[in-house]
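In order, the protein sequences belong to chains P and F. The numbers in my numbering rise by one with no breaks, and the one at position 197 of the first sequence is 197. The numbers in my numbering rise by one with no breaks, and the one at position 110 of the second sequence is 110.
Note that these hints are calculated values from the structure, not bench results. Predicted model, so just to flag it, every value in this text is computed and none were measured. Ideal Cβ positions, reconstructed from N, Cα and C, are used throughout, including at glycine. Incorrect hints may appear among the rest.
[To be verified] Computed Cβ-Cβ distance ranges for the label pairs, DEER-style: (1) P:GLN184 - F:ALA16: 50 to 56 Å; (2) F:GLY30 - P:ASP231: 56 to 62 Å; (3) F:ASP120 - P:GLU102: 57 to 63 Å; (4) P:GLU45 - F:ASP12: 46 to 52 Å; (5) P:THR274 - F:GLY86: 34 to 40 Å.
[What the hints assert, rightly or not] Cβ-to-Cβ under 7 Å is the rule here; a few derived chain P residues that face chain F: (6) ALA27; (7) LEU117; (8) GLY118; (9) THR141; (10) ALA195; (11) SER199.
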Amino acid sequence: MSGVRVAGVGLTPFGSTPDRTGRDLFAQAASSAFEDADVPRSDVESVRYGNFMGELAEHQGHQGPLMAEAAGVTAPATRYESACASSATAIRDAVISLRNGESDVCLVGGAERMTNLGTAGATEALAIAADDLWEVRAGVTFPGAYGLMAQAYFDTYGGGRVDLAHIAVKNHDNALDNEKAQYQRAITVDDVLSAPPVSEPLGLYDSCPISDGACALILVSEEYARANDLDAPVSITGSGQGGDRMALHDRDHLARSPAADEAAQVAYDDAGITAEDVAAAEVHDCFTIAEVLAIESLGIVDVGDGISAARDGYTTADGPVPVNLSGGLKAKGHPVGATGASQIAELTRLLRGDHPHSDAVDGETVVAHNAGGTVASCVVHVLEVGR
Amino acid sequence: MTDDAGSAGFDDWMDALEAGDPYYIECANGHGSLPPRRICPECGEQSLSEEPLPDTGTVETFSTVHVPTPAFQDDAPYVTAIVDFGPVRVTGRVLDVAPEEVEHSLTVSLTSTKSETTDDRLIAFEPV
Ligand SMILES: [Zn+2]
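Start from the sequences and build out the full structure, keeping to the hints where you can.
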């Protein structure tokens, strides 16, 4: 079985560019990735592309071939849709293909155009990640579902809005030096607590923004990297996926994310690591409470301790296990289909040493956690340097 | 959604709810689920029956929604809750109680209401 190397990463700025098409966003990210990788486009054997709301935002289905074309690549192309976990799912399939020798070079990534829909339109589009019959028709929104999980967490394990506010403050602090982030602006706990409510107990500053953006990665087999003498020191050494019931009310746990537990366990076993090896993580903080559930599932903290991890300085940039050094979805932005790939891009740069926060990572092993819906889908990847 | 075709199974369930006879799907192994089902999502059993839902349930979690989708634009703010009825949990809107008085373990009964925005019917709960 072959190893998988991250040969190159490319990101657009994340933010509000309502006039830019998805194909233009992805083309820019792909250009940057090819430049970073020093791999010729003609060597790409497959394109795997994550996107969630293309039909609603751009009246565009069948985006795989469109994005291959935009990237200047002639190769079979497939779009992956798994709500907010779309591009991590695409990456996982690329990893499997590269490992089993089916291919040597994959262009992987994703993009989302959202701000052209406006807040109401984007809220409606995001809501379709929930069960239409039993959740959306009852008035459940995406922040609404996480509001239900946050309240369940408070009632089960304790904690409150101030604890969550520290997560938002931390992630904004981390994004100050991230030139691709939607918000490069510090906020205070008071800012978070006094922001308008979105879906209680969550307010505006507990929520990630609506974003446009794209990310592309060039993933290659170990053999290809060696044969072409690529400077690609970072490997994806573990990949795992977990699933759960679609509707939140059908889950065993309203305040936990078992699909992420499963994804993490599979990925850790695959890489031959344990949670103690994790030196940093990029996790899916679409809402502050989501970061709590994520770091508990990843085993970075015990169940029930996630709520206080940012407040206690355990997951801050100067803490033992920094989480979301990119700024996370909260401050970096959340162009849905690009998010999972952007986590891999950030972690690769952290391990390579060319990220503003590289010095904050004390170790060689990091993890990415990308969740879909209210974590009915979850994909976890382990990245290591120098292996 | 402007889907004139309706959704068989779900619409039947809403009709039953409005008639005061809400039910759940039970498999031969005792797992509860909501329709439409041909297969038990827990165990794959295909022998399913409709059983009456208990009259009351308890609130397991809740959230006051201030930023709705366009279909609930005139309804917000409203309280959404997940209520445990025993064999199944159900998500819906809490009626006739101030948002600050909704709490974990509040006992409610199942009913239906209409969206103030679209006039579409939806699942609701009333304090007992
Ligand atoms: Zn069953």
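Now the hints, each set against the structure:
1. P:GLN184 - F:ALA16: 50 to 56 Å: Since GLN184 (chain P) and ALA16 (chain F) have Cβ atoms about 54 Å apart, the given range 50 to 56 Å holds.
2. F:GLY30 - P:ASP231: 56 to 62 Å: 59 Å, holds
3. F:ASP120 - P:GLU102: 57 to 63 Å: Distance hint for ASP120 (chain F), GLU102 (chain P) is violated at roughly 48 Å.
4. P:GLU45 - F:ASP12: 46 to 52 Å: For ASP12 (chain F) against GLU45 (chain P), whose Cβ atoms are near 49 Å apart, the range 46 to 52 Å holds.
5. P:THR274 - F:GLY86: 34 to 40 Å: Holds - the Cβ-Cβ distance for THR274 (chain P) and GLY86 (chain F), about 39 Å, lies within 34 to 40 Å.
6. ALA27: 32 Å, violated
7. LEU117: 11 Å, violated
8. GLY118: This hint is violated: GLY118 (chain P) lies away from chain F, its Cβ roughly 10 Å from the closest one there, beyond 7 Å.
9. THR141: 6 Å, holds
10. ALA195: 11 Å, violated
11. SER199: 5 Å, holds
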